[in-house]
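Novice: Assemble the complex: chain A is given as a structure, and chain B must be docked to it using the hints.
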Amino acid sequence: MVENPYLPKLAKIEAIKEETVDTRTFKIKILDEKVRNSFNFTPGQFVELTVFGYGEAPFSITSSPYEHENFSITVRRMGNVTRGLFRLKEGDIIGVRGPFGRGWPIEKIKGNDILIVGGGIGLAPLKPLIEYIILQRRLFNNVILFYGAKTPKDIIYKELFDIWKQYINVELTVDFAEKDWGGHSGPVTVLFKNFKLESNNIYSVQCGPPIMMHFVTRQLLSMRMEPEKIYFSLERNMKCGMGFCGKCMTGGRYVCREGPVFNYSEVKNFLETPV
Amino acid sequence: MPIFLDRIMKYYQLIGPVKTEKGVSFEYVSECDKVDLDYLGHTVLPPKKFFFPPIEEMFAYEYDETGNLRIYDFLEEVSKGMRVIVGVKPCDISSLLVLDKVFTGEYNDPYYTTRRNNTLVVGLTCNKPKEYCFCTYVGSGPSIKKGFDLLLSDLGDMYLVEVGSEKGWKLTKFNLDIFNEAENEDIKERERILLEVEEEIRKKGLPNFATIDKVLVERFLDRIWDDYSRKCLACGKCNFTCPTCRCFTISDEPNPDLKSGKRFRIWDSCHFLSFTKVASGEVFRKDRPSRFKQRIYHKFVYSINEIGSISCVGCGRCIEVCPAKINILDVLKEVIVGGKSVSAKVS
Numbered sequence: 001m002v003e004n005p006y007l008p009k010l011a012k013i014e015a016i017k018e019e020t021v022d023t024r025t026f027k028i029k030i031l032d033e034k035v036r037n038s039f040n041f042t043p044g045q046f047v048e049l050t051v052f053g054y055g056e057a058p059f060s061i062t063s064s065p066y067e068h069e070n071f072s073i074t075v076r077r078m079g080n081v082t083r084g085l086f087r088l089k090e091g092d093i094i095g096v097r098g099p100f101g102r103g104w105p106i107e108k109i110k111g112n113d114i115l116i117v118g119g120g121i122g123l124a125p126l127k128p129l130i131e132y133i134i135l136q137r138r139l140f141n142n143v144i145l146f147y148g149a150k151t152p153k154d155i156i157y158k159e160l161f162d163i164w165k166q167y168i169n170v171e172l173t174v175d176f177a178e179k180d181w182g183g184h185s186g187p188v189t190v191l192f193k194n195f196k197l198e199s200n201n202i203y204s205v206q207c208g209p210p211i212m213m214h215f216v217t218r219q220l221l222s223m224r225m226e227p228e229k230i231y232f233s234l235e236r237n238m239k240c241g242m243g244f245c246g247k248c249m250t251g252g253r254y255v256c257r258e259g260p261v262f263n264y265s266e267v268k269n270f271l272e273t274p275v
Numbered sequence: 001m002p003i004f005l006d007r008i009m010k011y012y013q014l015i016g017p018v019k020t021e022k023g024v025s026f027e028y029v030s031e032c033d034k035v036d037l038d039y040l041g042h043t044v045l046p047p048k049k050f051f052f053p054p055i056e057e058m059f060a061y062e063y064d065e066t067g068n069l070r071i072y073d074f075l076e077e078v079s080k081g082m083r084v085i086v087g088v089k090p091c092d093i094s095s096l097l098v099l100d101k102v103f104t105g106e107y108n109d110p111y112y113t114t115r116r117n118n119t120l121v122v123g124l125t126c127n128k129p130k131e132y133c134f135c136t137y138v139g140s141g142p143s144i145k146k147g148f149d150l151l152l153s154d155l156g157d158m159y160l161v162e163v164g165s166e167k168g169w170k171l172t173k174f175n176l177d178i179f180n181e182a183e184n185e186d187i188k189e190r191e192r193i194l195l196e197v198e199e200e201i202r203k204k205g206l207p208n209f210a211t212i213d214k215v216l217v218e219r220f221l222d223r224i225w226d227d228y229s230r231k232c233l234a235c236g237k238c239n240f241t242c243p244t245c246r247c248f249t250i251s252d253e254p255n256p257d258l259k260s261g262k263r264f265r266i267w268d269s270c271h272f273l274s275f276t277k278v279a280s281g282e283v284f285r286k287d288r289p290s291r292f293k294q295r296i297y298h299k300f301v302y303s304i305n306e307i308g309s310i311s312c313v314g315c316g317r318c319i320e321v322c323p324a325k326i327n328i329l330d331v332l333k334e335v336i337v338g339g340k341s342v343s344a345k346v347s
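Residue numbers (the working numbering), protein chains in the order written: chain A, 1 to 275; chain B, 1 to 347.
No lab work stands behind these hints: they were computed from the structure.
Check before you lean on any hint, since a few could be wrong.
Derived BS3-like pairs (lysine-lysine); straight-line CA-CA distance at most 30 Å [to be verified]: (1) 259(B) <-> 12(A); (2) 153(A) <-> 277(B); (3) 17(A) <-> 259(B); (4) 9(A) <-> 259(B); (5) 203(B) <-> 145(B); (6) 146(B) <-> 214(B); (7) 9(A) <-> 101(B); (8) 101(B) <-> 268(A); (9) 268(A) <-> 146(B); (10) 231(B) <-> 22(B).
Among chain B residues calculated to face chain A with C-beta under 7 Å, some are [unchecked claim]: (11) 58; (12) 66; (13) 69; (14) 72; (15) 109; (16) 110; (17) 248; (18) 249; (19) 251; (20) 252; (21) 254; (22) 279.
Where chain B lies over chain A, by a calculated footprint (3+ residues, C-beta under 8 Å) [unchecked claim]: (23) 55 to 62; (24) 69 to 75.
Glycine residues also receive a C-beta, built at the ideal position from the N, C-alpha and C atoms.
Here chain A stands alone, though its shape is the one from the complex (with noise of 0.2 Å):
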């Protein structure tokens, strides 16, 4: 018989993490040893991820690719999957599917400035990137990350930052200050403030709502940084994974298969303007 890529591959809740009042990230192990052996990742990919009884639902991976027992998701509650997932526990049994899709341009950025954008739990697919750049830290140049988040209490990965900050130039901002919050505030926008343009060696990665990559997106574009360059991961009804459902189809491209990741020089000329 055939291979059945509907069927997922059990696995265990290894361990779960609180990041926010509805955010958390789960390490997750396949069980069977010789998928978990196949089972490798570009940062960018995701997983379709079965909490059974519930249904199945796309998470972006978190977890370095350097990790090779477990991979983890970050989560918010939101949906009925989501909703489900969090009444589990360590060591209950949940189903995966993938990774599918098309991960960030890695090989493309070396060697380049890289300005990485992220939003909320936006930052969830581009933390294994970011822990990519910093375990190959001399391949890369100059490295900045721009990360804003709603309240000061949203932000996620925060014990990461300062770790970061020993590698990459970091800056947060959140929408809405409280009285201890010293840092910036505002939209993801502020922080570009300061930021200039210094060559054209630049690429720029970005993943957060849709209203945040169309402001920073419109903002690259005309500090003059070339479209193939700029880089996001959209969000859509990905069901399948496999360009069958129909459901992320924009603009005439699966999502699911032909993104999450597109440049925006790929999608400037989509019908639907996806950005």
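Specialist: Relative to the frame of chain A, chain B by itself:
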């Protein structure tokens, strides 16, 4: 023909066009004299339901007493038994060729491909089009060159049979007593009938829809779309009766014991508001024109890049079933002729 079908039924499950209260419909047949090969134009639903059913149970899961989870793949059921579908018109055969390209490639959809491999297609050239048929304008009828194991042509007192594959050849080889060698005249008679059908459809004087993609791209923001989408009820009937529409959603259904359940996929429609909705509540095609256009642009523009051709086969089912009486031919004609002014530009 009944003798041939009767013999097929000894070895295969037979699917054929059958008269029902709602019109002629492809069904599993247990008595071969129920098969109606004289039906006009097309059946109510296209044959896709036998390859890509409206609801497909994909697998079941169950926790056993020790708490281990087991998965039962329903694909094993799908791969059992061989079928023959008879009386498939060229438009519908073309649609299967479209679906073949969609469901294979980098990944293969095993539920679809297993059924395709399990099923022999006995086609039937078209002798009389229905009111809304327009296959000749999309190059999918009234006859077809590939995609069948056997192709029948009704010549009045007999059928001319064209063999299209090794499997088809075997079907005839073991039944040589009921076949005679075709005469040149028979082939000419088939050509004459097909020409007649073609001329009848040609009277509609439509453009060639295989090459309207550039015009459609130019007129994406035309006001025509607003006018038509205001009439559209977003019911999805055009999707569900379309032989090449294949979008679906995937859902789980737990059993009351909460220890077991099923995953299934179900036909979905790009006209539904929920179609593009993600967990955060964001809907990427909120306004009606954007959803109305998606089906048309997928068929006539996006498919060219996706599978190398448009994906409308000209069966006319969407016109026939539309409760708002939206005729895709009127829409396309109006767009091609020049459309209206550009509507508010979306940045």
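Novice: All the hints need checking, so say for each whether the structure fits it.
Specialist: Checked hints:
1. 259(B) <-> 12(A): Cα-Cα ~17 Å, so holds.
2. 153(A) <-> 277(B): Holds, at about 27 Å.
3. 17(A) <-> 259(B): Holds: residue 17(A) and residue 259(B) sit about 26 Å apart, inside 30 Å.
4. 9(A) <-> 259(B): Given pair residue 9(A), residue 259(B) holds - Cα atoms ~18 Å apart, limit 30 Å.
5. 203(B) <-> 145(B): Roughly 23 Å between the alpha carbons, so the hint for residue 203(B) and residue 145(B) holds.
6. 146(B) <-> 214(B): With Cα atoms ~28 Å apart, residue 146(B) and residue 214(B) stay inside 30 Å; holds.
7. 9(A) <-> 101(B): 27 Å, holds
8. 101(B) <-> 268(A): Since the Cα atoms of residue 101(B) and residue 268(A) sit roughly 27 Å apart, the hinted pair holds (cutoff 30 Å).
9. 268(A) <-> 146(B): 38 Å, violated
10. 231(B) <-> 22(B): It holds: about 25 Å lies between the C-alpha atoms, which stays within 30 Å.
11. 58: 5 Å, holds
12. 66: Since the shortest Cβ distance to chain A is 12 Å, the answer is violated.
13. 69: Since chain A brings a Cβ to about 5 Å from residue 69(B), closer than 7 Å, the hint holds.
14. 72: 10 Å, violated
15. 109: OK, holds: residue 109(B) within 7 Å of chain A, min 5 Å.
16. 110: 5 Å, holds
17. 248: 5 Å, holds
18. 249: 6 Å, holds
19. 251: Because about 6 Å separates residue 251(B) from the closest Cβ in chain A, which is inside the 7 Å limit, the hint holds.
20. 252: 4 Å, holds
21. 254: Holds - the Cβ of residue 254(B) comes within 7 Å of chain A, reaching about 4 Å at its closest.
22. 279: 3 Å, holds
23. 55 to 62: Result for this restraint: holds, n = 3.
24. 69 to 75: violated (count 0)
Comparing the model with each earlier hint shows violations of hints 9, 12, 14 and 24; every other hint is respected.
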